[in-house]
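In my numbering, the protein residues as written are 1 to 253.
By construction, these hints were calculated from the structure, which means they are not laboratory data. Honestly, I wouldn't trust all of these hints.
Said to hold, decoys possible - For each label pair, taking beta carbons as the anchor points, the in silico distance ranges come out as:
1) Leu29 - Arg5: 23 to 33 Å
2) Trp247 - Gly93: 55 to 65 Å
3) Ala10 - Arg223: 32 to 42 Å
4) Trp247 - Ala10: 47 to 57 Å
5) Gln210 - Leu244: 18 to 28 Å
6) Arg92 - Gln198: 33 to 43 Å
Ideal Cβ positions, reconstructed from N, Cα and C, are used throughout, including at glycine.
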Amino acid sequence: MLKIRRSRPADNFTILPNALLRDDRLTYLARGVLAELLSRPSGWETNADALSDRARRHRGDVVGEGRRGLRAAFAELEAAGYMIRRKEKGPRGRFITVLEVYDVPQDRGTAGGTSVGGTSVGATSAGGTSSVSSDGRSTDEEDAGDQHSSALAAARAGEDAREKRMRLELDGLYASANQLDDDQLRRLLLQFERKRPQVYRDKRQRALAQLGREEPEALHSVRAVDLLSYKYALLHYWADDKPLPAWLTRFPR
Numbered sequence: 001m002l003k004i005r006r007s008r009p010a011d012n013f014t015i016l017p018n019a020l021l022r023d024d025r026l027t028y029l030a031r032g033v034l035a036e037l038l039s040r041p042s043g044w045e046t047n048a049d050a051l052s053d054r055a056r057r058h059r060g061d062v063v064g065e066g067r068r069g070l071r072a073a074f075a076e077l078e079a080a081g082y083m084i085r086r087k088e089k090g091p092r093g094r095f096i097t098v099l100e101v102y103d104v105p106q107d108r109g110t111a112g113g114t115s116v117g118g119t120s121v122g123a124t125s126a127g128g129t130s131s132v133s134s135d136g137r138s139t140d141e142e143d144a145g146d147q148h149s150s151a152l153a154a155a156r157a158g159e160d161a162r163e164k165r166m167r168l169e170l171d172g173l174y175a176s177a178n179q180l181d182d183d184q185l186r187r188l189l190l191q192f193e194r195k196r197p198q199v200y201r202d203k204r205q206r207a208l209a210q211l212g213r214e215e216p217e218a219l220h221s222v223r224a225v226d227l228l229s230y231k232y233a234l235l236h237y238w239a240d241d242k243p244l245p246a247w248l249t250r251f252p253r
């Protein structure tokens, strides 16, 4: 039985819809990120990498959320309609990309938002919603001239290419996992459980929760649960920029 003890703050608090905090389309990490962003004042600038740096600065590399995990949370929020990117004119007449953050999901067609490849800077507030920048660069940097803009574009293109390469690497790991037989899969999971018991339990619970939502009948399949648990284990290291340990990736040749 859960007992809730609430305080009654007079100031410095944020009101959020229960539907947001209980949106089962979102991971708990994405819900927490959204609550954090909505608690900030309009115009506050941050991005997934900055939030990761902040987390690790305050809690250390071991428990601070990794950059890829937070980038994935931002992507979740965009996909669910809580974040919308759009173009607007900056102070010097140049178009910039802003990222608006909402406490209720928005229809992209009616919110005036467009999904673009650029990063968001110089966020503004519209319609009473909280808005933040998705990167730490200032509007002045964005407007600094064609040469600087080209350099920024090249850097962003390089980052996009790296993300694509890393995604292909993860897809390759998943494909290799699919080739494991039941005994190989079980032995790798036993290694994971022995070396990282707390993380193992968390990934096992995530796998069970996902299957329960999406494929309840698969809960009766030991292999389905093991395979998804193992993929969550791979994602744990991949998302946090951690080297994949050899004991977790002894795939058959």
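Structure-based check of all given hints:
| no. | hint | result |
| --- | --- | --- |
| 1 | Leu29 - Arg5: 23 to 33 Å | 25 Å, holds |
| 2 | Trp247 - Gly93: 55 to 65 Å | 57 Å, holds |
| 3 | Ala10 - Arg223: 32 to 42 Å | 55 Å, violated |
| 4 | Trp247 - Ala10: 47 to 57 Å | 53 Å, holds |
| 5 | Gln210 - Leu244: 18 to 28 Å | 21 Å, holds |
| 6 | Arg92 - Gln198: 33 to 43 Å | 51 Å, violated |
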